[in-house]
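Residues per chain, in single letters:
2 protein chains.
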Amino acid sequence: MEVGSDSTMIRPTFQEIQDAYERISTIVHWTPVLRNRNLNRLLGKDLYFKCENFQKCGAFKFRGATNVVMNLSDEELSRGVATHSSGNHAGALAAIAEIRDIRATVVMPENASRVKVNAVREYGAEIRFCASNTLARETCLEGVLKETGAVFVPPYNDYRIIAGQATVMLEFIEQVGGLDTVVAPVGGGGLLSGTARACAFQSPETSVIGAEPKGADDAMRSFTAKRLIPMVSPVTIADGLLTSLGEKTFPIILSQVDGIITVKEDSIIHAMRLVWERLKIIVEPSAAVPLAAILENPQSVPGSKVGIILSGGNVDLNHLPWKC
Amino acid sequence: MEVGSDSTMIRPTFQEIQDAYERISTIVHWTPVLRNRNLNRLLGKDLYFKCENFQKCGAFKFRGATNVVMNLSDEELSRGVATHSSGNHAGALAAIAEIRDIRATVVMPENASRVKVNAVREYGAEIRFCASNTLARETCLEGVLKETGAVFVPPYNDYRIIAGQATVMLEFIEQVGGLDTVVAPVGGGGLLSGTARACAFQSPETSVIGAEPKGADDAMRSFTAKRLIPMVSPVTIADGLLTSLGEKTFPIILSQVDGIITVKEDSIIHAMRLVWERLKIIVEPSAAVPLAAILENPQSVPGSKVGIILSGGNVDLNHLPWKC
Numbered sequence: 001m002e003v004g005s006d007s008t009m010i011r012p013t014f015q016e017i018q019d020a021y022e023r024i025s026t027i028v029h030w031t032p033v034l035r036n037r038n039l040n041r042l043l044g045k046d047l048y049f050k051c052e053n054f055q056k057c058g059a060f061k062f063r064g065a066t067n068v069v070m071n072l073s074d075e076e077l078s079r080g081v082a083t084h085s086s087g088n089h090a091g092a093l094a095a096i097a098e099i100r101d102i103r104a105t106v107v108m109p110e111n112a113s114r115v116k117v118n119a120v121r122e123y124g125a126e127i128r129f130c131a132s133n134t135l136a137r138e139t140c141l142e143g144v145l146k147e148t149g150a151v152f153v154p155p156y157n158d159y160r161i162i163a164g165q166a167t168v169m170l171e172f173i174e175q176v177g178g179l180d181t182v183v184a185p186v187g188g189g190g191l192l193s194g195t196a197r198a199c200a201f202q203s204p205e206t207s208v209i210g211a212e213p214k215g216a217d218d219a220m221r222s223f224t225a226k227r228l229i230p231m232v233s234p235v236t237i238a239d240g241l242l243t244s245l246g247e248k249t250f251p252i253i254l255s256q257v258d259g260i261i262t263v264k265e266d267s268i269i270h271a272m273r274l275v276w277e278r279l280k281i282i283v284e285p286s287a288a289v290p291l292a293a294i295l296e297n298p299q300s301v302p303g304s305k306v307g308i309i310l311s312g313g314n315v316d317l318n319h320l321p322w323k324c
Numbered sequence: 001m002e003v004g005s006d007s008t009m010i011r012p013t014f015q016e017i018q019d020a021y022e023r024i025s026t027i028v029h030w031t032p033v034l035r036n037r038n039l040n041r042l043l044g045k046d047l048y049f050k051c052e053n054f055q056k057c058g059a060f061k062f063r064g065a066t067n068v069v070m071n072l073s074d075e076e077l078s079r080g081v082a083t084h085s086s087g088n089h090a091g092a093l094a095a096i097a098e099i100r101d102i103r104a105t106v107v108m109p110e111n112a113s114r115v116k117v118n119a120v121r122e123y124g125a126e127i128r129f130c131a132s133n134t135l136a137r138e139t140c141l142e143g144v145l146k147e148t149g150a151v152f153v154p155p156y157n158d159y160r161i162i163a164g165q166a167t168v169m170l171e172f173i174e175q176v177g178g179l180d181t182v183v184a185p186v187g188g189g190g191l192l193s194g195t196a197r198a199c200a201f202q203s204p205e206t207s208v209i210g211a212e213p214k215g216a217d218d219a220m221r222s223f224t225a226k227r228l229i230p231m232v233s234p235v236t237i238a239d240g241l242l243t244s245l246g247e248k249t250f251p252i253i254l255s256q257v258d259g260i261i262t263v264k265e266d267s268i269i270h271a272m273r274l275v276w277e278r279l280k281i282i283v284e285p286s287a288a289v290p291l292a293a294i295l296e297n298p299q300s301v302p303g304s305k306v307g308i309i310l311s312g313g314n315v316d317l318n319h320l321p322w323k324c
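Protein chains in written order, with the working numbering: chain Y, 1 to 324; chain C, 1 to 324.
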């Protein structure tokens, strides 16, 4: 058997991540890194916040979707793209489809957040609503693919998507150098697995930690059991983290991530408010989960120089998770 | 009479503004400028947002207060500083006093925003509460000055304060070059007069416009009548703009500002939400007033390349001006 053959090589490879970055770098925003003296004082760490809430469409998801769409053939582009997503991946695919001037169809659950539905609509994508369960979603998407011939762009369980999300960490390392630890939220695992792959190549001494709500803790369960245990009925205000790990993201996380921390809903809200009040930026609940993990478990986060990936900023301002 | 003697020279001079910048530049944040394609599309302008909500203490006020405190003698520093303010100037003075390790006493009205009171307290300043009217405030401050011997650091009606606030515009011009127009909010007039002075020297072709709430429109009335007409009972959610122009800020505004636009409360809330949703940053109502002016009166804002000064980001997240 050849060394480095497909069966032994972990993907995405560094080449795939570098290619992704080259492919998308003129389209995605180079997002800023923020620091805050008061938060550092409060948490006893030297924190670096990578602001993907300032990414196009307000979330890191634009990177993965762009990496796939920018690599489609003319024939594929002519067929358009489709996906299922309740949130930021839908907006991201709609946005890059608008930029490429191709057709996009998005299957969304009826109960998707109004703000995220409006974003998809604003970018000119077609929306098909379905019941809020996996079967309904898959059946509806299959219908769309059959009907339109569109290319399916998966939300996370895809090496091209993972390579795109990995570019967040490539940039982050370029901006701040080596970190003791980086903490990323984990839902389907595209961002976390990409972060781990980028660190493996560019900053192998950095500990990579995933953070997820206790009410959607399939990553913790799967990581502990060493087998994929999908979530049945997740409940959390972190609406970007409802999905379960996939069979491509899970093995990367199992082999390359140093730990998973789960957090309470109260901590997510507290962390979200801290970011709003101290950094003066809007992040969605999912993006606050890593800071919540440090608030709850500072001792589980090794070292002092700690990076946090603020994954997105799409919030329905009429439904904030506190009284106002 | 000498050319350039005090009686004919408008203050602050360019030298005073440059000195202020040199004095404060290692202490204040160099704040970023943001742009947004969607907002540009919506408003038909090429907008540049100068983010003083990211300034230390969350508002431009830190610049003026720092300029005064960094120029005090050792004898003055030993006496400590004092001021009256319902909001951001109080926090700013408390913060620079903490940095210089000197005593600060702040007179605040009983009804001051909880968030702003907490900020002052966190920086270690002493707070004296008084009734919410000018007489009570001045009497209380006089008592403090007599009792402590502290140096009074005025909130806006002072050339050192105006020179400090002018550094926002110095930076802004350095970052984005010449603008057709810049719009700043106007309350006591420190920021607007400073902006006008900086433009007079560094970008004389830029139109300078002040924006204020219709419910606190003393700048518009004074500008039109060409005499200072203080506001009696201002009512607006823009709590940073309740104060009236002073006898130092008004003449600068009258002679060097191109226009004043007044806006409705609804427009302020709409503009504030637009900034939160599109730029993903937290701004307080006062900071949204310039964008509200462009939303209401795009034709009153000359040219296409328009700068907006986002003056601050200190908001009580439990009392947002919309349902949630």
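Hints in this document: simulated from the structure, not taken from any laboratory.
Some clues are possibly wrong.
Taking lysine-lysine and the BS3-like style, the derived pairs with C-alpha atoms no more than 30 Å apart in a straight line are [as the list claims (entries may be wrong)]:
#1 C:Lys305 to C:Lys323
#2 C:Lys146 to C:Lys214
#3 C:Lys305 to C:Lys214
#4 Y:Lys323 to C:Lys264
#5 Y:Lys214 to Y:Lys305
#6 C:Lys226 to Y:Lys323
#7 Y:Lys146 to Y:Lys248
#8 Y:Lys323 to C:Lys56
#9 C:Lys323 to Y:Lys264
#10 C:Lys45 to Y:Lys305
#11 Y:Lys56 to C:Lys56
#12 C:Lys45 to Y:Lys56
#13 Y:Lys45 to C:Lys248
#14 C:Lys214 to Y:Lys214
#15 C:Lys323 to Y:Lys56
#16 C:Lys305 to Y:Lys56
#17 C:Lys248 to Y:Lys323
#18 Y:Lys214 to Y:Lys264
Against the structure, the hints come out as follows:
1. C:Lys305 to C:Lys323: Distance ~34 Å between C:Lys305 and C:Lys323 Cα, so the pair is violated.
2. C:Lys146 to C:Lys214: violated, 38 Å
3. C:Lys305 to C:Lys214: holds, 26 Å
4. Y:Lys323 to C:Lys264: Holds, at roughly 26 Å.
5. Y:Lys214 to Y:Lys305: This hinted pair holds, its Cα atoms lying about 26 Å apart.
6. C:Lys226 to Y:Lys323: violated, 45 Å
7. Y:Lys146 to Y:Lys248: Distance of about 25 Å is within 30 Å: holds.
8. Y:Lys323 to C:Lys56: holds, 27 Å
9. C:Lys323 to Y:Lys264: holds, 26 Å
10. C:Lys45 to Y:Lys305: violated, 41 Å
11. Y:Lys56 to C:Lys56: holds, 27 Å
12. C:Lys45 to Y:Lys56: holds, 19 Å
13. Y:Lys45 to C:Lys248: Violated, at about 45 Å.
14. C:Lys214 to Y:Lys214: Violated - the C-alpha atoms of Y:Lys214 and C:Lys214 are around 49 Å apart, more than 30 Å.
15. C:Lys323 to Y:Lys56: Holds. C:Lys323 to Y:Lys56 sits at ~27 Å (cutoff 30 Å).
16. C:Lys305 to Y:Lys56: Status holds; Cα separation ~22 Å.
17. C:Lys248 to Y:Lys323: Cα-Cα ~42 Å, so violated.
18. Y:Lys214 to Y:Lys264: Measuring from Cα to Cα gives roughly 6 Å; hence the hint holds.
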